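Student: Sequence:
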Amino acid sequence: MLQRTLNLARPDDVYNAIVDAHKGLSDEQCRAFDARLILLLANHVGDEAAIREALAAARETLDKA
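Under the numbering used here, think of the first position of the sequence shown as 1, with each following residue one higher.
Just to be clear, a hint being listed does not mean it is correct.
[Claimed, not checked] So the derived label-pair ranges between C-beta atoms look like this: (1) 29 x 5: 15 to 25 angstroms; (2) 61 x 35: 16 to 26 angstroms; (3) 59 x 33: 14 to 24 angstroms; (4) 48 x 24: 27 to 37 angstroms; (5) 7 x 56: 15 to 25 angstroms; (6) 1 x 25: 30 to 40 angstroms; (7) 49 x 29: 17 to 27 angstroms.
[As the list claims (entries may be wrong)] Below, simulated EDC-like cross-link-like pairs (lysine to aspartate or glutamate); rule was C-alpha separation at most 20 angstroms, straight line: (8) 64 x 48; (9) 23 x 34; (10) 64 x 53; (11) 23 x 12.
Keep in mind that the hints were calculated from the coordinates and are not lab data.
None of the values given here were measured: they were computed from a predicted structure.
By construction, the Cβ of each residue, glycine as well, lies at the ideal position given by its N, Cα and C atoms.
Construct all of the structure, not just a fragment, from the sequences and the given hints.
Tutor: Put into structure tokens, the structure is as follows:
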């Protein structure tokens, strides 16, 4: 099951690290970076059901926009 409540001790620091990792990258490089990061984290999670739930949840927020 997907963890939906905040599970990070320092979420702002994590957010800033993600933003900083994109600095100096082109749009194409940002998309490639995001894809690689997602695949690395999906592998770390290792739970296909949770990953599919996260995909659906992320898509749902875009469909509402």
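Student: Could you run down the list of hints and mark each one as holding or not?
Tutor: We went through each hint and held it up to the structure:
{"no.": "1", "hint": "29 x 5: 15 to 25 angstroms", "result": "32 angstroms, violated"}
{"no.": "2", "hint": "61 x 35: 16 to 26 angstroms", "result": "19 angstroms, holds"}
{"no.": "3", "hint": "59 x 33: 14 to 24 angstroms", "result": "20 angstroms, holds"}
{"no.": "4", "hint": "48 x 24: 27 to 37 angstroms", "result": "34 angstroms, holds"}
{"no.": "5", "hint": "7 x 56: 15 to 25 angstroms", "result": "19 angstroms, holds"}
{"no.": "6", "hint": "1 x 25: 30 to 40 angstroms", "result": "33 angstroms, holds"}
{"no.": "7", "hint": "49 x 29: 17 to 27 angstroms", "result": "31 angstroms, violated"}
{"no.": "8", "hint": "64 x 48", "result": "25 angstroms, violated"}
{"no.": "9", "hint": "23 x 34", "result": "13 angstroms, holds"}
{"no.": "10", "hint": "64 x 53", "result": "17 angstroms, holds"}
{"no.": "11", "hint": "23 x 12", "result": "17 angstroms, holds"}
Hint check: violations occur at hints 1, 7 and 8; the rest are consistent with the structure.
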